[in-house]
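Protein chains in written order, with the working numbering: chain Z, 1 to 449; chain W, 1 to 230; chain L, 1 to 115; chain B, 1 to 682.
Zero decoy hints are in this set.
Here are the simulated PhoX-like cross-link-like pairs (lysine-lysine), alpha carbons at most 25 Å apart as the crow flies:
| id | chain 1 | residue 1 | chain 2 | residue 2 |
| --- | --- | --- | --- | --- |
| 1 | B | K568 | Z | K96 |
| 2 | B | K45 | B | K35 |
| 3 | B | K210 | Z | K107 |
| 4 | Z | K107 | B | K568 |
| 5 | B | K210 | L | K87 |
| 6 | Z | K96 | B | K440 |
| 7 | B | K440 | B | K360 |
| 8 | B | K360 | Z | K96 |
| 9 | Z | K107 | B | K360 |
Ranges between beta-carbon positions, derived for each pair:
| id | chain 1 | residue 1 | chain 2 | residue 2 | range |
| --- | --- | --- | --- | --- | --- |
| 10 | L | I97 | Z | P428 | 52 to 58 Å |
| 11 | B | E436 | Z | E142 | 55 to 61 Å |
| 12 | L | E25 | B | V165 | 53 to 59 Å |
| 13 | Z | E415 | B | G618 | 44 to 50 Å |
The set of hints was computed from the structure by calculation and includes no laboratory data.
Glycine is no exception: its CB is placed at the ideal position from the N, C-alpha and C atoms.
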Amino acid sequence: MSVSLTPTTSLTPTTKIRKGRNFVRRLPLGPTGALASLALLVSACAEDKPLNTFEPRGPKAQGIYDLMTPIWIIMIVVFVVVVGGTLVLTVIGRVKPEDYDENDLPKQVHGHTVAELAWTIAPAILLAGVSFPMVSAIWDLERDNKPGELDVMVIGQQWYWEYRYDVDGDGFFEDVDGDGELYGIEGDGDQDDKEWPLNLALDDDDLSVPNQLVIPAGQQVDLTLTSRDVVHSFWIPRLNGKRDTVPGRLTFWSIDADKPGEYNGACGEFCGLSHARMRMSVVALPEAEFDQWLKNQMSLSEVPEEPAQGQDPSPERAGYEVFASQCARCHVVNNSDSALQELYPKDFEADLLSGAAPDLTKFATRSVFAGAIFSQYSGIDPDDDNLDVTNYLQLAGTERLNEALLTRWIKNAPEEKAMYPEGRRGMPAFPGLSDTDVENLVAYLATLD
Amino acid sequence: MTTATAGVSVADSHDGNEAHRTSLNLSNMKVAMWLFLASECLLFGALISTYLLSKARFLTELLAGNPIVEASIDNPGLVREMQETGSVEPLFDIPFTSFSSFVLLMSSLAMVLAHKAVSEADYKNTRIWLATTALLGSIFIAGQIYEFTAFKEEGLSFTGSLLGSAFYTLTGFHGVHVSIGILMLLTLLVLSFKGKLNQDRAETVELVGLYWHFVDIVWVLIFTIVYLIP
Amino acid sequence: MSDTAVKASADVVDDAHDSHAHPTETQYWLVFLILAVITAFEVLWSYLGLSGPLLVVPLLAMMVVKFVIVAGVFMHLWFDMKMLNGKLFTLAFASGIVIALSVYTVVVATYEFNV
Amino acid sequence: MAIVERPLALPEGDLPEIENPLGAFSRPHKETGIKDWLTTVDHKKIGIMYGTASIFFMMIGGVAALLIRIQLATPDSNFLSADAYNQLYTMHGTVMIFLVVMPIGAAFANYLLPLQVGARDVAFPRINAFSFWCFFLGGLMLNTSWFLGGGPDGGWFNYAPNNGVAYSPSNGIDFWNVGLLITGIASLSGAINLITTVLNMRAPGMDLMKMPIFVWMTLVTQFLLLFAIPIITTAQVLLLMDRLFGANFFNVEQGADPLLWQHLFWIFGHPEVYLMILPAFGIVSEVIPAFARKPIFGYPFMVFSGVAIGFMGFGVWAHHMFVPGMGPLSVSAFAVATMFIAVPTGVKILNWVATLWGGKLILNTAMLFSIGLITQFTVGGLSGVSHALAPSDTQQTDTYYIVAHFHYVLFGGALFGFMAGFYFWWPKAFGYILNEAWGKWNFWVMVVGFNLTFGPMHILGLQGMPRRIHTYDAAMGFNLWNLVATIGSMILAVGVLLFVVNALVSLRDWKNAGRPNPGPDPWDARTIEWSIQSPAPEHNFDYDPQIVSVDDWWYQKYAEDETGRLRKVAHGADIAQPGNGEGVHLPAPSYWPILLAASLPLLGYGLIFSLWLTIPGGFLLVVSMFGWALEPADDLDLAHDHDDHDDHDDHDDQDDHESIVETASAEDTALVGDAPSPGDTA
Ligand code: HEA
Ligand code: HEA
Ligand code: CUA
Ligand SMILES: [Cu+2]
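If we strip away everything but chain Z, and leave its shape as in the complex, we get (with noise of 0.2 Å):
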């Protein structure tokens, strides 16, 4: 299995320098220097290390920080004293075996009830102090649901992720009763108001984009996860911890980036044979730009022309073909083809366990695919300081198109990433498409912008 390909992080590398000098201005003054070294050995060269826990940048995140660092305190002075502590009374207590006498024994006691008393009471003040903090942090997490901020619906699945955006307001499901009630913004809701199986129930004007998630920066957006099969864990440690996503449950978290960026994550729960290769990537752009963003999205994409009579179709109009026959089986594109429209929204679980492959419509405006792993764009310096996210819309290009990649992921998908398509967990291979076809396809691939 070849999997030396490009890095999915290289898109913003000057961000990250950046903040990764932020980060050592920021650090408390008060802690001891032990705890500024175990800092800056964990977050060593923080520029590489795109999931450090201590790097946050968003205030959420920023409170799990500040609030481990009274922890980190204790941690280190009780290791001292009781660590550092043992290792001096070995020393001086030791006796070597032929020195030792039998008769001189040393005082022998049994025990100092005060001592006892004092090293119960102790730590339990100090972990009583911790608590208060902790317990207002925790009910800090937990989303607080506001009017107004974006509402995104996280669905995790064997081996991607997928992001639904609530983009007219109107929650993620229908009102099907009509009260006016919705089912799933927060708590439980108007349980009449949900639908099955899940994948299936979400409202028609809403916007599926999988394995990126762009969110506004600066702004909370408010999550709401689930799955489609087996627990998966939402994870960007820049801008938050974790919370899972459990099948048949719907669990709440947000995020919030304060800078545009790029952030990475990682699924932080078991979830099967490509666990490992089930990554994410947030990409927080300024609100102009999000908006210019959401627009695109939502637009249908092109369909290549027919030839004129006669004529050879273009590789374009060629890809789309084989795609229309064999992909869009399971992959939808959103577009103004009725031939294909027909086709969507279709029984995706006749095909696939987990109920759905990733919408392709916008493909080609993201710059990860495949859960991550891969960067869409080849031949990145990350030297360059033009990459800015700024730029984050003009990347889309069928120069940058990492088109050897690709051309490996649609022959053989398997082979780049664990799967199980014969299970009906993930994406088969094709051997059967010639090389013209997949070139086709590549070509297709890039007009989806």
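Based on these hints, arrange chains W, L and B with the ligands on the given structure of chain Z.
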């Protein structure tokens, strides 16, 4: 697992009346039996909680109209009734189950009288009461088998629905316990007829009795929690 | 020496048994009657068409009473407890019940207080 | 005190062949060689078998760990496939926990409990043998999954619904289920047996508060097993029903809730981690006073903190579930409860430190490992407290930071404690002392390897490396520390191997030196197992020891002089029991425990592959249960006249075989009185 452990207990209960020195002045078997029963509390507790949670989830989905869950009970009329009452009560036949609960309760009385008889060297009554206990237990089991078939006909199957899985597993586990108890009672009865169950062995009867009463207690819980509070 | 020793030992054991007189046969029947009445009452209660705590609380209370009576009288817990060291296994059993009751109640509670 | 005379001794030498009236159901003779091990009901042999089997399984778990480390040494490695990796780490965790650490605890418990409470055997010797065989055969069965379609691949806690047939179609998880159900029977029957032994078979005078700390900690451990095993049993039965019989307990489509599994698993799982550490705590509580030449500091506090840990252990399980969305109220409650479990644990740690304080420390290998436990466990305990902080756990859970935590407590805690125990009690069990020079090497290589392996995992975890990933991307920045950890694991493996080497080298040297006897009390130790010969004679005690105080043996050797100082008044070797088993009546070996235990895996294979296969298993089960029940108390060849004192039939012979074997010399013990001395019995 239960089978094996309980089987072992029968075998080892023979050393009930040993007269060796022990720290607690109790026989080892008696201490062991109480420990085993303590551990059974956790087992049945887990099964009862599983039932409660599964039933709650089943009902929530059913009341919300989940088509899969609706289809999981092979009886539209029953489903409608459950949805109307908001409970699984329509499934149960309370008078019938009350009767079998009563039978089990009565068997506990017979059990305790058997122990009393054997410790007073009244072997005739010992046999009578042991047989009565076993008989009452068997009636209970017969009732349960009848109930299972009736429920199955009503559309509740073990593999079909969450409720079915949870219900049959809980009551089935209890039924297996009762059956093992009956086997132990029959063994005692045989021993008694062979003249091997005399006063000195009263403790063996007491131990089987402990097990029997415990199984009865578990039914007290199940009857209330499962049947009366649906 | 064996004969005397055995006799003596038997006495010790007998003493241990006799020191906690078990109930008489009539008492057992009486207790059973009480249990039967409670059961009848339980069933009756479930037919009153009540719901919510009004249904559940008395039923649970009666269940506990039955539990305690069976364990206490039929399983001799009340008498054994008074016996020398009888508390020890009572304690072991009780801790089983207490742990079971508390962990499973908490599990169910975590579902109730989900938010 | 009831005394029954047992006039017959176990004769030595060849036994005459006598016709067996009971045919197949008669008990085997006292066997030799392999047959002896298969049929023994002696708690010491069973303890040794537990230990040996655990070390065998540790090799399997260790090789799995090394393969894991090789795979993770470099980024994007394809040494192992994703599938193989998942099976390996699942089996690594499962084997290490259920087939290594728990049974080593059982090994010490079996070997030492009767010796430390002054009993001849456990309460039910045949059940004891049955427990061992259930553990061993269940463990073997679990490991046959490697060859029968692949191991389990859901992680050691095997979350639903990933453990369902839909997501794990191979039979691996069925093996996991059935294998662990069988070892669960072992733990449960063992727990009942050992608790009964401790509660009911203590030597005269040994009140609860005079029991050695190891006995206390084992008692708590066994109670934890007693209450925790039925919970995982339930969970596994539910899963088994789902997987093999199509039930719906974890079928989300039917409305099931995956969190049910998590709750059931962790209500078991957390007590489980404490029952792995408490035996080790007990061991170092014996070793440290012995080599600090001081009594344990704060005996009652050591006892009560252990009991407190046991109880609190049942109230914190949901700290493994801070992220599945239980709701803030539950999370807060469990987070606070978890933090406070540091208090009783801290009491233990600090009492050991106080025992070291002012002691004259003899730093031999057992002592070094004990000090190793104090320091390494503290590191692991402290990281545990940092997970208890629920919000920070949302960053740490399922990362290598957790992996670091639990290896520090499990390896640095439990296994270091067990190593100390091996070095300490080896002469009692085998009659020779392990080589100190090799021992020191063993210790230092292990400490260095251990910290190199698992220390870097703290950093990796905080840098965001998720656990249970078969590969990671080079750009994630995990390369350096993973490589270090892999190198460390190789050193650690050498350290583990050094122990095995030491056992063999020491044995060879001992044989070459003409098998010198280390004497009953080579360490000048404190508890009564040192008052009998080494290796411990088959009948343990010649007569019941009379217990006057905690560390009773020590106070037989040391007494206060006029100035109030302790002085040596007797040498252990002089006052130890001579090891004369005359007049002692021991239970005969039995075939049935192993046969009964063997029927269970057979039934298990039947469940997994075809119900037809359950027929031989079921047949064996029934036969062995009958055999067990009908088996006479004794080897009939050695039959002695029982009817001198009871007038009922032979059936009663079974009375004594499961209970403590009687001593021939109860009057002797009475004569011995408060100051037992061996001369009285001679
Ligand atoms: C031997 C086994 C063992 C032991 C003893 C412990 C002990 C502790 N454990 Fe650990 N734990 C495991 C084995 C163990 N653990 C395993 C195997 C897992 C992972 C399971 C899996 O996911 O696969 C785990 C996971 C685990 C988690 C879940 C992490 C996660 O998955 O997100 C948590 C969370 O709270 C936790 C907490 C603790 C705490 C608070 C203690 C405390 O008992 C520690 C107390 C000790 C000390 C604190 C040190 C000494 C104290 C002092 C010197 C006093 C002064 C101290 C203070 C004032 C702080 N453990
Ligand atoms: C007591 C328990 C215990 C012990 C002792 C160990 C010991 C070791 N563990 Fe273990 N580990 C766990 C319990 C334990 N582990 C658990 C519970 C998990 C979680 C599983 C899960 O997530 O489900 C885990 C997970 C785990 C992981 C994480 C896997 C993952 O999440 O992807 C890693 C990775 O490095 C690891 C490494 C090691 C190493 C290197 C050792 C070393 O210490 C091993 C050293 C010992 C030896 C190497 C034995 C000596 C053998 C030889 C020298 C071989 C030669 C002999 C012959 C061929 C006969 N362990
Ligand atoms: Cu999804 Cu791990
Ligand atoms: Cu825990």
